[in-house]
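*Asks:* Fit chain W to the known structure of chain S by using the hints.
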Amino acid sequence: AQSVTQLGSHVSVSEGALVLLRCNYSSSVPPYLFWYVQYPNQGLQLLLKYTSAATLVKGINGFEAEFKKSETSFHLTKPSAHMRDAAEYFCAVSFGSGNTGKLIFGQGTTLQVKP
Amino acid sequence: NAGVTQTPKFQVLKTGQSMTLQCAQDMNHEYMSWYRQDPGMGLRLIHYSVGAGITDQGEVPNGYNVSRSTTEDFPLRLLSAAPSQTSVYFCASSFGTGAYNEQFFGPGTRLTVL
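Those protein sequences? They're chains S and W, same order as listed.
Mapping the first sequence onto my numbering, position 72 (from 1) lands on 72, and the numbers just tick up by one.
Mapping the second sequence onto my numbering, position 49 (from 1) lands on 49, and the numbers just tick up by one.
The reader is advised that the hints may include incorrect statements.
[Stated by the list, open to error] Simulated crosslink set (SDA-like; lysine to any residue; CA at most 25 Å straight-line):
#, chain 1, residue 1, chain 2, residue 2
1, S, K68, S, L20
2, S, K49, W, G3
3, S, K58, W, G42
4, S, K49, W, N28
5, S, K114, W, G40
6, W, K14, S, N41
[What the hints assert, rightly or not] Some, not all, of what chain S presents toward chain W, calculated at C-beta under 7 Å:
#, residue
7, T51
8, S94
9, K102
These aren't lab readings, by the way, just hints derived from the structure by calculation.
Built from N, CA and C at the ideal position, the CB exists for glycine as well.
Bound conformation, chain S alone (with noise of 0.2 Å):
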């Protein structure tokens, strides 16, 4: 079966540090691979994703993740933190051609960013 999980379900840093939120995810196909954002009292926004062309992904706000077949990882880095980074973030996968996008997700990674 598909599964995703998020190493740590809190990771604080200090303002200026290196975020580093990590994502494993176990697949028999090639999985497509999503990073979301949740800010206090709002739904959830695209980070970036993974659709099988290039491996290293940049997304908004500085925020750029790996995809690694071997490690079956795709962990969201961004190397310097701003205070209005602390959010809870949410790796998913969705699994194979022609799938009707159902997203799995992993528990979240409340990220804490201290002055």
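*Replies:* Structure of chain W alone, referenced to chain S:
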């Protein structure tokens, strides 16, 4: 362009009551879906629709009904609310039904069942 809208924002129900959560999108998207969000569990798919008149079950469909009479609207019905249905509900839509499509999310409905 309002995107995906949901009403109400908040709702409190008593066990056994019924209600309908409304979802609408003005982007002419084919695909619409409902998720529930619970702490530590991410989002789980309840029901989805690939077009008007077509719906199917997701991961956690029990206790919920949906219909899709128009492209724009996708209401979620709770027939007899239970405390286990206390959650935040999100509606989402995407232009196509392919697995690579970005989904656009509404602001959510926070439901409490007493």
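*Asks:* With reference to the structure, classify each hint as holding or not holding.
*Replies:* Tested hints:
Simply put, S:K68 and S:L20 have alpha-carbon atoms about 15 Å apart, close enough for the 25 Å limit, and the pair holds. The suggested pairing of S:K49 with W:G3 holds, with an alpha-carbon distance near 20 Å, which does not exceed 25 Å. Straight-line distance between C-alpha atoms of S:K58 and W:G42 comes to about 23 Å, which keeps the hinted pair within the 25 Å bound. Restraint check for S:K49 and W:N28: satisfied, since their Cα atoms lie roughly 22 Å apart, inside the 25 Å limit.
Restraint check for S:K114 and W:G40: the C-alpha separation of about 23 Å stays at or below 25 Å, so the hint holds. Of the pairs offered as hints, the one joining W:K14 and S:N41 holds, with about 24 Å between alpha carbons and a cut-off of 25 Å not exceeded. With 7 Å as the threshold, the beta carbon of S:T51 comes within range of chain W, its nearest partner Cβ sitting at about 4 Å, so the hint holds. Annotation: interface hint on S:S94 holds; nearest CB of chain W at approximately 4 Å, less than 7 Å.
Given the 7 Å rule on beta carbons, the hint for S:K102 holds: about 6 Å separates it from the nearest Cβ of chain W.
When each numbered hint is compared with the structure, no violation occurs for any of them.
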